[in-house]
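Visitor: With chain R held as given, fit chains G and H onto it using these hints.
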Amino acid sequence: MAIAERVEKPPLPPEPPAAAIPLIGRPDAHRRKLARLGWMFSAPALVVIAVVTLFPIVFSVVMSFENVNVTGSGYQFNGTTLGNYNVILNNQTWRYALGFTVLYTLITVLVEIILGTAIALVLERLTHGRGWMMALLLIPWSLITVISAQLWYYMYDPSYGIIDRILHALGFGNPVILGTNTSAIIALMVADVWKTTPFVAIIVLAGLVMLSSDVYEAAEVDGANGWTTFWRITFPLLRPTIALAVLFRVLQAFGLFDLPFVLTQGGPGHATTSLAVLGYRAMFQDLKFGPGAAVATSTALLVVLGCMAFLRVFKAQVGSEGN
Amino acid sequence: MALKKTRHGWHRYINGLTIATTLTVLFVILPLLWMITSSFKGPKSIATSDLLPNPWTTVNYHEAFTHYSFSRYILNSVVISVAATAIVLFLGVMAGYALGRLPMRNKLPLMVALLMISVFPAIAVIAPMYLIMKQIGWLNSYQALILPYAAFNLPFAIWILRNYFLGIPKEMEETGRIDGASPLRTVWSIVLPQAKPGVFTAGIFTFTACWTEFLMALSFNSENNFRTIPVGIALFGSQFTVPFGTIFAGSCVAAVPIAALVLIFRKSVVSGLTSGAVKG
Amino acid sequence: MASANKRFTPGLPGRRATAVVAGGLAVASLLGACGGSGKSASGATSNTTAGSSGSSGTAAPSGGSTAPGNATSGSITWWASPITTSGPDPRTVLIQAFEKANPGIHVTLVSAPNDTDTNRAALTTQISGGGGPDVYMGDVIWPAQFGAHQLAVPLSKYLPSSYWSTFANGLVAGATYKGEVYGAPLFEDQGFLYYRKDILQADNLPVPTTWEQLMSEAQQIQKKGQAQYGYVFQGADYEGATCDFMEFLADAGGKVLNSSADKSELTANGDALKALTFEQQLVNSGVSPKAESTFQESQAMDTFDSGKSAFLRNWDYAYSTSQASGSAVVGKVGVAPMPTFTGQSQPGYSNIGGWNLYANPHSKNLAADLTFIKWMTGTDAQKILATQFSEIPTNQSVRTSPDVIASNAVLAVVPKTKLVPRPAQTPNYPAVSQAIYQNVSAVLAGQKSPQAALSAANSAISTAVSGGGL
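Order-wise, the sequence lines are chains R, G and H. With the working numbering, the residue at position 60 of the first sequence is 1316, and numbering never jumps. With the working numbering, the residue at position 7 of the second sequence is 361, and numbering never jumps. With the working numbering, the residue at position 75 of the third sequence is 138, and numbering never jumps.
Keep in mind the hints are simulated off the structure, nothing from the lab. Among these hints, one or two may not hold up.
As the list claims (entries may be wrong) - Below 27 Å or equal to it, Euclidean Cα-Cα: the simulated DSSO-like pairs (lysine-lysine) are:
#1 K524(G) <-> K1289(R)
#2 K481(H) <-> K398(G)
#3 K371(H) <-> K395(H)
#4 K398(G) <-> K337(H)
#5 K241(H) <-> K398(G)
#6 K260(H) <-> K398(G)
#7 K260(H) <-> K287(H)
#8 K326(H) <-> K241(H)
What the hints assert, rightly or not - Residues on chain R that point at chain H, a partial pick, calculated with CB under 8 Å:
#9 S1329
#10 T1349
#11 G1523
Quantities reported herein were computed from a predicted structural model and do not represent experimental measurements. Quick reminder that beta carbons are idealized off the backbone N, C-alpha and C, glycines included.
Chain R extracted, bound-state conformation:
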């Protein structure tokens, strides 16, 4: 597959080392040495990750293939089964939650990327006050999600919420924002965009400032206007960064949990029940750890497949070694 080929290509320029650095032996030996160095550098991180995360994840995956009974004396595994997956595949709520989560992810990530990039482009041109702006923008992101959900819940309140009052003043009557499916979903998305657009803005900004200013000067000499400069020069160079932002926003959005958990409890009805909310309910409300683990495992698998598809479509910019 395309990404694999790209990644495994040697990242170092093949020619210069041998010619320019005679101290270091033949290119092949040099490469092997660098590869060994690479493993040495990454080993500590990989070990920490493996030691901490492998057991819980494998445990969960195994649990999704087991008849699990949670008891005071532990998690009893009563035989391997595909039943948990059968349960979720035949469950209407799971299918709805899958559709909802996908749609939610697509819309919020799209909006956030557009707004976040716009903010980053403007921030990048600020010579003064950039740090202050960044600090300010990062506050919504740094708020504990449960609390930002409480804040929106407070603002959406049907009798004294400021947003309810504003909508009322704008002639929307007495909207019950969290009371109908469509408005509750929109309300949830607004809260999400509010919290995470700054995340995207900061990632894109960090990518922007790393671009050489030479390219802009060249563009200015050419007399290109802002829009053309952006599409012809900035955007292509920013693609790896934007791809990274999209990738991680997709991962987070797909794991959507705290926000609906506090704001709507997944309601009204199932309207805002995400996969994670569904999995949480199965595990911690109904103590059905088998189906709950199946929801979690299938979610993880679906996201990774989705991300890999995305990387392919996005020309594997994240996986490639730059240009």
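Guide: Relative to chain R, chains G and H alone:
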């Protein structure tokens, strides 16, 4: 806020982009302002949409710090988040550099595996993690949160750092190598400074993730002395009452360290990014 | 998804997975316990149990205490969520009084999250992981689920029937699952009708005893402009909507489950339809606000507190909240038993809420736990709860004692009320309740007809009680 005149003329800034951004920034700021003013509202005006508190009161802040041990929660959150972030940045920079710049085999499976780990829903790993913590006697300790936070945030940090290392001109390392510097030194003193924005990004996101994590903190540390801010705030109020004022007061205080962190490190992001690049 | 299944099926049956884990983990002892207990391929009889390794697992109640509830020494932890919002903390007041009466026993308070679901999640994680507090305060709807999953000690194995007979009628039955009592009722809660004394007086109206009367009085009051709304209650998509619906349903003569709690009896006609249609009418007629489908306790409370509603259905705490600073109705609030439908015997039903004390099967000091539980449900502690914190005592003698009744307007009404529990006798109660509140709330939001909602609820409940579904 002055704008660089050199790159484009002033008229460039009265355009769609700036207007859209201003609106977005307002959209970001207004709810924050609402939270701040509401945190100064007393019991009479908290359940109203009055624009300003009437009267202004600090009773909510007083409540957070006296009725609950909020200062202890802040201390715990700081210790845990700082330690986890330090671990993530140190290990993440090395791994990110290796995966970005060095000719290792099987990078793709490794990167995808890392992705998979950062994707796995947190709700599903709490129960097995608790088993481990119980078994090794780490319940109610700082390390019970520091290590999991570090491990679960490392994959993202590695991805993001690797991305920024990819963007650094390759000549930099060659310079180091010619000078005979050790590989570690090359990374630390030559490559790393170039990737400051990436390190900043990874750092701030790790710190924020640790600062706001709830489920693990709730499950592993039940002693008050080891509880963090998110768990502490979940103890505010009682079954049927949501004390919005106290909650907002707590979160206003909790936002200060993050803002301070960004302000302290803003110089490293703003300056010296492109100036030091070697000429091809 | 099919490919996903294929991909995992051959690779990860239990034992190989544990082997993989063993390679990567420094938690050898855990894995020893986990892998070593030998998960046989046939698997039907031998269970692999991860979590309780040796000591903690078997240290569960061994009955070693010969005189249960009479321990004189030890140190235990008590997990309890905050009971009140401000003022002295009832939990520490009770602990201090307990330690004074039992100088040998030390109790450490562990404050639990306010949100009941979060609270339960934290507890189940800890207890099934082999840890957790010694004694915990838990919701009255937990006994069946916690009993079925052995997350609580069957207290009736240790405490005699003479102890259980000290409680007010019906409370112990609610804490019983399959013949064992799992929770000792600490304080009770129930629905009350709160009304505006001043308005009723001005209009010369009696306190309503039937729903029909409440509705007509409310409309009269609204027409005169004395209050924007007539009646506010809990109709949001959450547990509270189940509580309120149970009251309407019981008043109409209906019920949710059969007596063995394994079959739905909630049909889309008759009593249930009458109850739900009335709830719908409250909103449609404008007696209750349009936003009723998003109202939890706090929204209903705020509306009433700000003087916008003539009547309120809420729990015990609402009286003192309505008389606290910030309220616009101080001195204007009366409390009464719930109304019922015309033609039914009065008063109407009040749904049972409140909290029980449970003991953790992993507790190392069950004897001290029992002493603590016994003391907390005894007359001294119950008096403190009632007179200092206006909680409803569970102890029958305290509940009916004149000084308790005289201490608070709500407590004076308690003996006149009639109680109905939620259908929590099934371990799958959370899913049953979800089926109820989602559909009730949808009716209030105008998204479903009462008939459609009831038949949807009925089929969801049937799936839930059989343990199916997600």
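Visitor: Could you run down the list of hints and mark each one as holding or not?
Guide: Results of checking the hints against the structure:
1. K524(G) <-> K1289(R): holds (17 Å)
2. K481(H) <-> K398(G): Given that 27 Å is the threshold and the Cα spacing comes to 35 Å, the pair is violated.
3. K371(H) <-> K395(H): holds (13 Å)
4. K398(G) <-> K337(H): violated (39 Å)
5. K241(H) <-> K398(G): violated (48 Å)
6. K260(H) <-> K398(G): Distance of about 22 Å is within 27 Å: holds.
7. K260(H) <-> K287(H): It holds: about 16 Å lies between the C-alpha atoms, which stays within 27 Å.
8. K326(H) <-> K241(H): Holds, at roughly 16 Å.
9. S1329: Since chain H brings a Cβ to about 4 Å from S1329(R), closer than 8 Å, the hint holds.
10. T1349: holds (6 Å)
11. G1523: The hint holds - G1523(R) has a Cβ within 8 Å of chain H, the shortest such distance being about 3 Å.
Hints 2, 4, 5, counting from the list given before, are not met by this structure.
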